[in-house]
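**Student:** Chains Z and E, in that order, give the protein sequences.
Count the first sequence with this note's numbering and you get residues 1 to 276, in order.
Count the second sequence with this note's numbering and you get residues 277 to 561, in order.
In case anyone wonders, no lab produced these hints; they're calculated from the structure.
The beta carbon of each residue, even a glycine, is placed where N, CA and C say it ideally should be.
A couple of the hints might just be wrong.
[As the list claims (entries may be wrong)] In silico DSSO-like cross-links for lysine-lysine, where the CA-CA straight-line distance does not exceed 27 Å:
1. Z:Lys39 / Z:Lys53
2. Z:Lys207 / Z:Lys268
3. Z:Lys54 / E:Lys408
4. E:Lys551 / Z:Lys132
5. E:Lys463 / E:Lys305
6. E:Lys551 / Z:Lys255
7. E:Lys536 / Z:Lys255
8. Z:Lys154 / E:Lys540
9. E:Lys343 / E:Lys390
10. Z:Lys268 / E:Lys540
11. Z:Lys207 / E:Lys305
12. E:Lys518 / Z:Lys255
[To be verified] Chain E stretches covered by chain Z per the calculated footprint, using a threshold of three residues with CB under 8 Å from any CB of chain Z:
13. 467–474
14. 523–533
15. 542–551
[Stated by the list, open to error] Quick list of the computed label-pair ranges, beta carbon to beta carbon:
16. E:Asn301 / Z:Asp150: 45 to 51 Å
17. E:Pro505 / Z:Gln105: 29 to 35 Å
18. Z:Asp262 / E:Val348: 52 to 58 Å
19. E:Pro505 / Z:Pro20: 23 to 29 Å
20. Z:Pro20 / E:Asp513: 33 to 39 Å
21. Z:Pro251 / E:Met375: 53 to 59 Å
Chain by chain, the residues run as shown.
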Amino acid sequence: MRTIIEQKIPKIITKSTPFPSNEVMLDLKNLKKVYPTPKGDYVVLEDLNLQIKKEEFVTIIGHSGCGKTTMLSMIAGLNPISGGNISVLGKHIRGPGPDRGVIFQSPSLMPWMTSLQNVLLGVNQVFPDATKSQRNAIAKYYLQKVGLEDSFHKKASELSQGMQQRVGIARAFAIKPKVLLLDEPFGMLDSLTRGELQDILIEIWNKEKITAVMITHDVDEAIFLADRVVMMTSGPKAKIGDILDINFERPRTRKSVLEHDDYYTYRKHLIDFLEH
Amino acid sequence: MAYLELNNICKTYGQGANEMEVLSNINLKIEEGEFVAIVGFTGSGKTTLVNLINGLLAPTSGAVLFKGAPVVDTSHERGVIFQNYSLLPWLTVEQNVLMAVKEAFPEKNKKELKTIVADYVEMVSLTPAMHKRPKELSGGMRQRVAVARALAMKPEMIIMDEPLGALDALTRGNLQDEILNIWGKDKRTALLITNDVDEGIYMADRIIPLRPGPNATLGPEFKIDLERPRDKTAMNDNANFKKTRNAIIEYLMDIGNERKTEAKEAYILPDLVPKDFVNQFKFGN
Chain Z
1 MRTIIEQKIP KIITKSTPFP SNEVMLDLKN LKKVYPTPKG DYVVLEDLNL
51 QIKKEEFVTI IGHSGCGKTT MLSMIAGLNP ISGGNISVLG KHIRGPGPDR
101 GVIFQSPSLM PWMTSLQNVL LGVNQVFPDA TKSQRNAIAK YYLQKVGLED
151 SFHKKASELS QGMQQRVGIA RAFAIKPKVL LLDEPFGMLD SLTRGELQDI
201 LIEIWNKEKI TAVMITHDVD EAIFLADRVV MMTSGPKAKI GDILDINFER
251 PRTRKSVLEH DDYYTYRKHL IDFLEH
Chain E
277 MAYLELNNIC KTYGQGANEM EVLSNINLKI EEGEFVAIVG FTGSGKTTLV
327 NLINGLLAPT SGAVLFKGAP VVDTSHERGV IFQNYSLLPW LTVEQNVLMA
377 VKEAFPEKNK KELKTIVADY VEMVSLTPAM HKRPKELSGG MRQRVAVARA
427 LAMKPEMIIM DEPLGALDAL TRGNLQDEIL NIWGKDKRTA LLITNDVDEG
477 IYMADRIIPL RPGPNATLGP EFKIDLERPR DKTAMNDNAN FKKTRNAIIE
527 YLMDIGNERK TEAKEAYILP DLVPKDFVNQ FKFGN
C-alpha cells in the first residue's frame, strides 16, 4: 500500500497547486517535526505541504499515531516546528494565539468554574475593552447556541461529557478565532450526541465564516462537515497522502448528504484509504 | 417458541415519588442462531436491558424467557461482555479467563482448561500479556481480556453491552471479525448492544433501535439483508446497504430532533473585534 500511496503523489501536487495568495488562510510549507529519542531522531512529519483557504472546512483522517495531532498542535503553536513553516494570513506563527482557537478531544475545562466562567476566561482576554455586560452577552450567546441555556451556572464538574464538550465549543467560538482547530472533539461521545454537536458546529461555522481544520476518525463526520478531506499517510515521515474534494452544496442537511449519489463513493474511498 | 423472549418487560427504579420507569413494554424475540443488534444511546436504558436478560436484574413486570424457561439467575449459558470490562484486578489475564472457564467446564482437568484459556487469549492477541494484571494493561487490552473470558466459556448465547466502544478502529475491526467467526462457526445466538450503527449493520441480522429513556421502548426493526461474510469497503456499492443504512440513520436523527428544546431568551451578540495578539506568545520562554 505504501507504494500505491507514493504513486499518488503527482496527483496530490496538482491538487495542492497554490491557491491565489489572497485566498489562503493557513499555509503549511515543507513542515517537519522531529522528536529526539535515545536511538536517534524520530521524524514524525516531513515535507508536509498544505494550504487551507479562507472560510474552508477541512477534515483530516489518518491512522492512529500518524502525526495528525502533532500537526494540529503545531498549527496551534503549542508544539515547536522542527523545519519549514506555518503561516496564518501570510504571517509566520511563532507560538499560540487567540487567532487560532482549539477544541481538544477532552473538554479541558476548569472543573471548579461554571460553564459561563469557563467561556468568559477566553472572552475576557480577547475583548479587554468590552464592558462586563458585553462580555457576558458574548458568552451567553454561544452557550445558548450549543444548547446550554439552562446550565450557565453549573460547574464544569457537574456536567456530562457531552455537555462539557459543548462548553468547549462555545469557548472556542466566543473568542472569534480566524482559524478553529479541532482534535477529534466528538470522539468520546455516543453517535446521537455526536450528530447533534456536528449540526451545532456546522451551524455556527456557517454563520461565523471562519476557517476550520478538524481531525476525526469518523469517515461520515469527515464527509458531512468538510469541503475537503485530507488523508495523511502513516508515519514516520507522514505527509499528505491524498485530498478528496467534497462537492456537496451548503448548507447541508444530513439527509440530503446521505441521499446524494456521490456519498457512498466518497465513503468507500476513505474507508479504503483507512483499511490499508 | 423463540430462543430468547422478552414479554412486556417494564423496569422501574426507585419508589414513591422517586419512581422512574426506565424500560416500558419491551417485546423482543430472538431465534436460535440469530445475531441481533440493539442500537441505543447514552442513558436510554441499554445496560438495564442487558442485565435483565443475563439475570442480574429482575423485571418489575413481564417475563424474560430463555429457551422457554424464565430467567431467574445468571448462567454461563449466556456469556456477557460488559462495557466496563469487569476484570478482577488482583488476578492475571490467565487467571481471569481461567476462573470463567473452570466454572463453565467443571469436568475438564487443569491441563485442558489451560489449553482453552491459552487459545482464547491468543485469539485476542494477548499471549505476551498472559501473566500481567489488569492495571498493567491499556483499556483496549482489558476489553480484549473480557472478550476472551466471555467467549472461552463457549456460551450458547453471547450478550455484548457496547463491548468495543473504547477500542481504536483497527482493534475494533479485528474483534468484530473474531466475534462473528465464533458466532458463525459454533452456531451461537448473539445480542449486541451498541451506539454504532455501522457496527450493527456489519454484524447483525436485525437492528432494533432502543428509543431514549425514561420509558424506553424498542423501535421498529430493520432487517440487514446482506450476504456474509460482509466487506466494509465493498458494502458501500450495495444498494441494499445504502438504503437500510440511510433508513436507520434517519430514524435515529428524528429521535435526536425530538429532543431539541426551544431557546428561552434571545442573546444579542455585541459587534466587537477581538484584540490583535499577533505573536504575543512565543515558543519556549
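**Student:** The structure should be examined with respect to each hint, and the outcome stated for every one.
**Tutor:** How the hints compare with the structure:
no.: 1; hint: Z:Lys39 / Z:Lys53; result: 39 Å, violated
no.: 2; hint: Z:Lys207 / Z:Lys268; result: 31 Å, violated
no.: 3; hint: Z:Lys54 / E:Lys408; result: 51 Å, violated
no.: 4; hint: E:Lys551 / Z:Lys132; result: 16 Å, holds
no.: 5; hint: E:Lys463 / E:Lys305; result: 17 Å, holds
no.: 6; hint: E:Lys551 / Z:Lys255; result: 40 Å, violated
no.: 7; hint: E:Lys536 / Z:Lys255; result: 17 Å, holds
no.: 8; hint: Z:Lys154 / E:Lys540; result: 17 Å, holds
no.: 9; hint: E:Lys343 / E:Lys390; result: 31 Å, violated
no.: 10; hint: Z:Lys268 / E:Lys540; result: 43 Å, violated
no.: 11; hint: Z:Lys207 / E:Lys305; result: 48 Å, violated
no.: 12; hint: E:Lys518 / Z:Lys255; result: 12 Å, holds
no.: 13; hint: 467–474; result: holds (count 3)
no.: 14; hint: 523–533; result: holds (count 6)
no.: 15; hint: 542–551; result: holds (count 8)
no.: 16; hint: E:Asn301 / Z:Asp150: 45 to 51 Å; result: 30 Å, violated
no.: 17; hint: E:Pro505 / Z:Gln105: 29 to 35 Å; result: 33 Å, holds
no.: 18; hint: Z:Asp262 / E:Val348: 52 to 58 Å; result: 54 Å, holds
no.: 19; hint: E:Pro505 / Z:Pro20: 23 to 29 Å; result: 49 Å, violated
no.: 20; hint: Z:Pro20 / E:Asp513: 33 to 39 Å; result: 38 Å, holds
no.: 21; hint: Z:Pro251 / E:Met375: 53 to 59 Å; result: 55 Å, holds
Of the numbered hints given earlier, the model fails hints 1, 2, 3, 6, 9, 10, 11, 16, 19; all others are met.
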